[in-house]
Each structure stands twice: as structure tokens, then as C-alpha cells.
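Enquirer: In case you want the letters, here they are:
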Amino acid sequence: MAKILPVAALMALAGAAPLAFADAADDVAALRAELQNLKNDYATRVGTLEARIGQLESAPAPMAVTVAQQPSPAGDLRSAASAFNPAISLILAGNYTDVSQDPETWRVAGFMPSGGEVGPGARSFNLGESELTLSANVDPYFSAAMTAAITGEDEIGIEEAYFRTTSLPSGFTVKGGRFFSGIGYLNEVHAHAWDFADQPLVYQAFFGNQLAQDGVQLKWLAPTDLFVEFGAETGNGQAFPGTRRNRNGFNGAALFAHVGGDLGDTASWRAGASWLELNAEDRSFEDVDEFDEPVTNSFTGKSRTWGIDAILKWAPTGNSAYQQLKVQAEYLSRQETGELTFDAEGLGLSDAYRSEQSGWYIQSVFQFRPRWRIGVRYDSLDSGSPQIALVDDGTLPPEAFPLLLAADPDRISVMFDWSPSEFSRLRAQYAWDDARADGQTDRQLRLQYLYGIGAHGAHKY
Amino acid sequence: MKEIVRSAMALLIILACMPAQATVKILATTSDWGALATELGGDKVSVYVATTALQDVHRVDAKPSLVARARTADLIFATGAELEIGWLPVLVQESGNPRVQPGSPGYFEAAAQLNLLEVPTRFDRSLGDIHPQGNPHLQLDPHNIAVVAKALTARLAMLDAGNAAYYQQRGKDFDARWTQAMARWETRAAPLKDMPVVVMHRDQVYLCHWLGLREVAAIEPKPGVPPSAGYLGQLVSTLTASPPRLILLNAYNDAKAANWLSERIHVPVVTLPFSVGGTPEAKDLFGLFDDTINRLRTVIQ
Numbered sequence: 419m420a421k422i423l424p425v426a427a428l429m430a431l432a433g434a435a436p437l438a439f440a441d442a443a444d445d446v447a448a449l450r451a452e453l454q455n456l457k458n459d460y461a462t463r464v465g466t467l468e469a470r471i472g473q474l475e476s477a478p479a480p481m482a483v484t485v486a487q488q489p490s491p492a493g494d495l496r497s498a499a500s501a502f503n504p505a506i507s508l509i510l511a512g513n514y515t516d517v518s519q520d521p522e523t524w525r526v527a528g529f530m531p532s533g534g535e536v537g538p539g540a541r542s543f544n545l546g547e548s549e550l551t552l553s554a555n556v557d558p559y560f561s562a563a564m565t566a567a568i569t570g571e572d573e574i575g576i577e578e579a580y581f582r583t584t585s586l587p588s589g590f591t592v593k594g595g596r597f598f599s600g601i602g603y604l605n606e607v608h609a610h611a612w613d614f615a616d617q618p619l620v621y622q623a624f625f626g627n628q629l630a631q632d633g634v635q636l637k638w639l640a641p642t643d644l645f646v647e648f649g650a651e652t653g654n655g656q657a658f659p660g661t662r663r664n665r666n667g668f669n670g671a672a673l674f675a676h677v678g679g680d681l682g683d684t685a686s687w688r689a690g691a692s693w694l695e696l697n698a699e700d701r702s703f704e705d706v707d708e709f710d711e712p713v714t715n716s717f718t719g720k721s722r723t724w725g726i727d728a729i730l731k732w733a734p735t736g737n738s739a740y741q742q743l744k745v746q747a748e749y750l751s752r753q754e755t756g757e758l759t760f761d762a763e764g765l766g767l768s769d770a771y772r773s774e775q776s777g778w779y780i781q782s783v784f785q786f787r788p789r790w791r792i793g794v795r796y797d798s799l800d801s802g803s804p805q806i807a808l809v810d811d812g813t814l815p816p817e818a819f820p821l822l823l824a825a826d827p828d829r830i831s832v833m834f835d836w837s838p839s840e841f842s843r844l845r846a847q848y849a850w851d852d853a854r855a856d857g858q859t860d861r862q863l864r865l866q867y868l869y870g871i872g873a874h875g876a877h878k879y
Numbered sequence: 128m129k130e131i132v133r134s135a136m137a138l139l140i141i142l143a144c145m146p147a148q149a150t151v152k153i154l155a156t157t158s159d160w161g162a163l164a165t166e167l168g169g170d171k172v173s174v175y176v177a178t179t180a181l182q183d184v185h186r187v188d189a190k191p192s193l194v195a196r197a198r199t200a201d202l203i204f205a206t207g208a209e210l211e212i213g214w215l216p217v218l219v220q221e222s223g224n225p226r227v228q229p230g231s232p233g234y235f236e237a238a239a240q241l242n243l244l245e246v247p248t249r250f251d252r253s254l255g256d257i258h259p260q261g262n263p264h265l266q267l268d269p270h271n272i273a274v275v276a277k278a279l280t281a282r283l284a285m286l287d288a289g290n291a292a293y294y295q296q297r298g299k300d301f302d303a304r305w306t307q308a309m310a311r312w313e314t315r316a317a318p319l320k321d322m323p324v325v326v327m328h329r330d331q332v333y334l335c336h337w338l339g340l341r342e343v344a345a346i347e348p349k350p351g352v353p354p355s356a357g358y359l360g361q362l363v364s365t366l367t368a369s370p371p372r373l374i375l376l377n378a379y380n381d382a383k384a385a386n387w388l389s390e391r392i393h394v395p396v397v398t399l400p401f402s403v404g405g406t407p408e409a410k411d412l413f414g415l416f417d418d419t420i421n422r423l424r425t426v427i428q
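For the record, the sequence lines run as chains A and B.
Just so we're aligned: the first sequence equals residues 419 to 879 in my numbering.
Just so we're aligned: the second sequence equals residues 128 to 428 in my numbering.
Wrong hints could be hidden among the right ones.
Capping the alpha-carbon separation at 35 Å, the derived lysine-lysine pairs in DSBU-like fashion look like this [what the hints assert, rightly or not]:
no., chain 1, residue 1, chain 2, residue 2
1, A, Lys744, A, Lys593
2, B, Lys410, B, Lys383
3, B, Lys349, B, Lys383
4, B, Lys320, B, Lys152
5, A, Lys878, A, Lys720
6, A, Lys744, B, Lys171
7, B, Lys171, B, Lys152
8, A, Lys593, B, Lys152
9, B, Lys410, B, Lys171
10, B, Lys171, B, Lys299
11, B, Lys383, A, Lys878
12, A, Lys744, B, Lys383
13, A, Lys878, B, Lys299
14, B, Lys299, B, Lys320
15, A, Lys878, B, Lys171
16, A, Lys744, B, Lys349
17, A, Lys744, B, Lys152
18, B, Lys152, B, Lys410
19, B, Lys383, B, Lys320
20, A, Lys593, A, Lys878
21, A, Lys878, B, Lys410
22, B, Lys152, A, Lys878
23, B, Lys410, B, Lys349
The hints are simulated quantities; they were obtained by calculation from the structure and are not laboratory data.
Can you make the complete structure from the sequences, with help from the hints?
Expert: This is the structure:
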């Protein structure tokens, strides 16, 4: 960590330096730029006018086209104030869920619960998260965006709210606020753009679906034909597996690197590696003790995660309008060392704890004709056998931590969706979920809808 | 470890300070704009084309390779009018390249130079995937290309002021050849005037407008909405009553619906290149229109 920090610091400095000098030279540069812009604008307009005259002279009179050629009326009607309104988009989602096991008792065996909206969700009809996104350029230097998620339980959460630089030189971008971390592939993808109704088990267990924290991110894109990107993040570490601590400074850091390119005209790919370190303080979770009595335990210590990810997309002649195949896979591994406290609100027994856990998924989605897609996903987790000093020295029996007993949960999901347009999608998903400790397979049927209204969004790769 | 950190720093500094290339690097969103940029920029520009003529420019992923090209580009040459809205904003945002942000001299939209056809008066997605600024498939009217060429020449002369005279010379030369070619195309296409045609999507509007073809029906009932069996059935009955001369298809379209209709109403399907590279003959912009007119003329020969 200490070795990597200087590089991150250098990257940060290189990014920030031009800002510091900007003020002094700004006025002169701005004036010059404005003058130049005026000149250019003029040159372009004269060119356009000349061309238009030429066009009018030589073009045949419009005949067949009945549609009027007229300027957009919106331009005249919009008042100056509303012309600067940010782009607004709203995603509505909902589902019908049918599961064979009680969803209240769903846990990923062998893993400390991550909190978050994980698991199959409630039975019957459910309103999903409604995502409201507002975004716009702030000024010539920054853009900003906010996504608020309003849950079916009438709670509003800020999923993301961040600023981002638009004018740093040399391929640097700084982002600050609350944002999805750039680690992994799926972590940055908003729920409405997932290819399945839920996240892979490894994301549910490791990040409570997605890792977002309040902090800053620095990214640098290499000036090469091969896509090569590096990123560094730090923040308050509030998200699982970290916790908020009542301390100044940062909590941990994340680093990631991505490379990508094309394979001819028909295929493209991206691969990445990520590393994350966060500190947890009294990260509590509910379990039962050896007498089946509910108990609250907690973990304090360091959590280190690393992972690799890859995605490949292929379409005949590279035209994804008709058919497209996507294959993606990710592997994550986590090591946690620190102290585990049993019955934090009662007995409060504490001793050393160490675990090494991992998980991966592979999924493929095939659009076999326009608007229709099928997909399959396999999830697997390995909890390993955590070293719990309280158990090893005989203070407590292993059954005192039933959630931490070694397990290897897995799940198979199949998906079928139909998208009448770019703005609507109906999906059916069926999963055989073996995440529970009792070995009972949960058969989960999910029917889901997704509707987007407002601004036409652009999706990341 | 120290060595690794040191060499990593050195690498970062070297990469960050790499001198700008001598040529103007252009990222063109379509093969047509790539071809135009090459016509006008000659050997003073290097052009990377984001899509091929066989791809639907509405539906392109913001691929890593394209983000990488946007990073080093001096100029992004796009169609605009939201044709590339699903992916170009992501490229620009992820590029970390202040030169190509919209509003900068390094961001150029063809549609911004023109009055577009089919500007909707109602903004409602129940009408299909409409473009608020008008129909963006503007490259199929060569008069539009002439306008865009003039504006692009001015932009190149501004971005690379040292070679301004070179660009102006090439612009003039292109304009002369283009004007001559347009006269040739219009003469050859004169017999096609008023010919009733069926189109696939509303992306041949500019071609029909230019040549005076009469668009009597579209196979897609609304932009981006595939035809239902009922709609196709209705098309068959109306078109049997007053048959068109041609069904126009673009190289990137799926031919199924057009062929199905062709068999029912006994009207030939003509596949047009639509963009440079769409057919083997459409090697450049001149070839695009030569081939388009040749293929249209097959019905009158």
C-alpha cells in the first residue's frame, strides 16, 4: 500500500496542477479563446451561408417530401431559465417474485451478511427501485450528476451524486462525491442496465450488490490505441466491507486498471484488475448462537479484496441491432484480519479473526433476434474456513457462529427478456439458488419490468 | 519495489508529456464522415472511423477501442442530431480529452451545419425513436455533403492554422469535383423522378428528397419499431392496389421483411450502400452516389 500511494499522489498532483495555475493565465486565455471562437464562428457561418446559396441555386425544388422543414418550435417557446434544466431520466422497475423458500431466512452461507438489498426480495408483486437521474454540465470545467433511488418501501437513497472534471489535460479525470467504485466490471453498472434481475452472489456477498462510498476518484487514460486506464479512489469507507469511523482522513483505498480493444470489426473486449482495502470498525451482523438465540456479533479489522474481470462482446459484422453475444466473468478474493466480537451487546467476547474467501461468476447473454435475449449465469462462492480464536481456544463451540461455518454456495440462473424498444424491457428469470446453509435449493422465479422515460441515456461499455 | 515505483512514475511522466502528433487526428463516427475527412484533410490528417457501413449507427457500444481513440483525437466528426446519442457522449466523457468536448473546436457535428428534414413538432416516444432535432440520416443528399465539406474545411483550417491554405485548396478542389459529380448524378437520376418507392426505416428520406423519389410506405411503421404481421398484411393489400417500383433496403438492414414483402407484391428489392463501404463499389463518397444511382437505375434499364 505504502508503495502504491506515491504513484497515486503523483497522479493526483499531475491532475490538479493545471487547475492551480489556471486562474492566473485564465483571463488572457479566455479572452483570446473567445475572440478566436468568434472568428471561427464567423468563418463557419459564412461558409455555411455560401454553401446554402449554392445549394438553393442547384437543388431541385422539394417535391415528394410532405413533412415541413421548419426550425424546432421548442427553441422559441422555452424560456431562458428552463433552457438550462438538467437532463432528467426516470427508470421505473417492478417485479413479481415466486420463491420456494422463505425469503426472510435467505442468507449466503459462510459469509458475514453484507447488508444492502440482497437476496431474492419479497414474495408476490413488488415495486422495485425507481431511479431518478439528473445530469448536466456545471460550467466549462465540471459536469455533475445525481441518481436517487426511491425504494418500494418509500425510502429515498442517494445512489450516486458526483461532480466530474471535463477539462483536465492529458487524459485525467477527477470525480468526487458519492459514486459507484470503478473496481470490477459490474460495480459501476446501474441496476436498470443489469442483464439479470439481480447481481451475482459474489457481488451480493462482497459488496451488498455494489460498492459506493463518499470520496474522490482519479482516473488516467493512456494516449494509446489500446485502451489502457488506471484509477485510484479513496473515501470515508462507509460501504461494506468497510464502515464509517469517527476519524479524520481516509479509510482505505481502491485501485483498478482496465485494458480493452477490438478483435476485428465483429468483437470487442475489456479486461481489468482491481484491489480494494477498507477498514471496518464494529461492523455488526445478526446471527444466532449455539442455542438458536439471536445474537449480534461484530468485526473490527482490515478487509482486502482483489479481483479480475473480463468481458467480450460479439455481433455478426459488428452490428448489434440484430444479434449480439456477450460473455463476461469476474473473480473476487477477500482476506479479512482483525477481531471478532461475539454477542457485542451482551457478553462481548472478543478475539482474533482471519478469513480468506472468494467467489466468481460467469454469464452469457445472447440477443438472438432484435429485441429478444436469453442468458445464463453460474455463481459460485467459497467461504473457506475462517480462523476464529474464540472457537480455536475452546471458549465457544463452532456452532456459536452458524453463519461462519464453511460453505460453498452456488446458483444457476437463466434469463429471458424482451425489449419492445430501447426504453422498455420485460424479463423472466428463473434461478436454482443454493446459497443457504441448510442445503435446501430455493427455486426463484422473477418476472420484472423496466421502463425508462425522459432523456435518452448513454450506457458505458 | 522502489525500482518499480520509479519506473512507473517515469512511464507516467513520459506518456503524459508525449508530443502531439504532427497530423490532425480525427475520430469520425461513420465511414462517410471518415471519407469526407480524408478528402479534405489529405495527408495532414489521420482518420479513424468508429463504425462500418454494415453497422447500425444508432446501436453501437461505447467500446474501449473507441474511448481510446477519443482520448487522442484532435477532432471528433459526428453526424449529430442525436444519431450517436447512445454511445458518443460516453466516449467524450470517458476520454479525459478536453479538446473534443461538445462546444470545443475539436467537436464537429454535420447536422449542426444544416436544416434537417422531419423535425418533429411533437416530442412523444409513442411515435417511435424520433430525433428531436430532425432526421439525422443526412448524408444521402450530396448537397448536404457539400455544405458539411465547406464547414469542415473551415474547422480544419482553424484547428491546424499552419496548414490552412492546404485545407482551403483541397476544399476548393473537392467542391469543384463534387459539383461536377452532382450534375452527373442528377442527370442520370432524372428518369427516376416521381418513382414510387417503399423504404425500410425513415433513413432514405434525404435520398428521396434529393432525387424526387416518392416514398409511399415504410416497412417500419414508426422509427425503430419493427413491423407486426398485421401491419405487413395491411402493407401488402395497399401496395398491391398501387404497387411501387422499388423496395429500398440499406446494406446494414436485415433483408427478411423486405424480401417477404417483395415476394408478395412482386416488386424488386434494391440494396443500396447507404454509407461508404456498404457495397464493394461504394469505395469513397463519389463511389457511394455512383453506385446508389446505378442500383436505382436497374429498374428503368
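Enquirer: Compare the structure with each hint and give your call.
Expert: Now for the hints, and whether the structure bears them out:
no., hint, result
1, Lys744(A) <-> Lys593(A), "holds, 29 Å"
2, Lys410(B) <-> Lys383(B), "holds, 26 Å"
3, Lys349(B) <-> Lys383(B), "holds, 18 Å"
4, Lys320(B) <-> Lys152(B), "violated, 41 Å"
5, Lys878(A) <-> Lys720(A), "holds, 32 Å"
6, Lys744(A) <-> Lys171(B), "violated, 38 Å"
7, Lys171(B) <-> Lys152(B), "holds, 9 Å"
8, Lys593(A) <-> Lys152(B), "holds, 27 Å"
9, Lys410(B) <-> Lys171(B), "holds, 21 Å"
10, Lys171(B) <-> Lys299(B), "holds, 16 Å"
11, Lys383(B) <-> Lys878(A), "holds, 31 Å"
12, Lys744(A) <-> Lys383(B), "holds, 24 Å"
13, Lys878(A) <-> Lys299(B), "violated, 40 Å"
14, Lys299(B) <-> Lys320(B), "holds, 30 Å"
15, Lys878(A) <-> Lys171(B), "holds, 32 Å"
16, Lys744(A) <-> Lys349(B), "holds, 28 Å"
17, Lys744(A) <-> Lys152(B), "holds, 31 Å"
18, Lys152(B) <-> Lys410(B), "holds, 21 Å"
19, Lys383(B) <-> Lys320(B), "holds, 27 Å"
20, Lys593(A) <-> Lys878(A), "holds, 16 Å"
21, Lys878(A) <-> Lys410(B), "holds, 32 Å"
22, Lys152(B) <-> Lys878(A), "holds, 23 Å"
23, Lys410(B) <-> Lys349(B), "holds, 31 Å"
Going through the hint list in order, the structure does not satisfy hints 4, 6 and 13.
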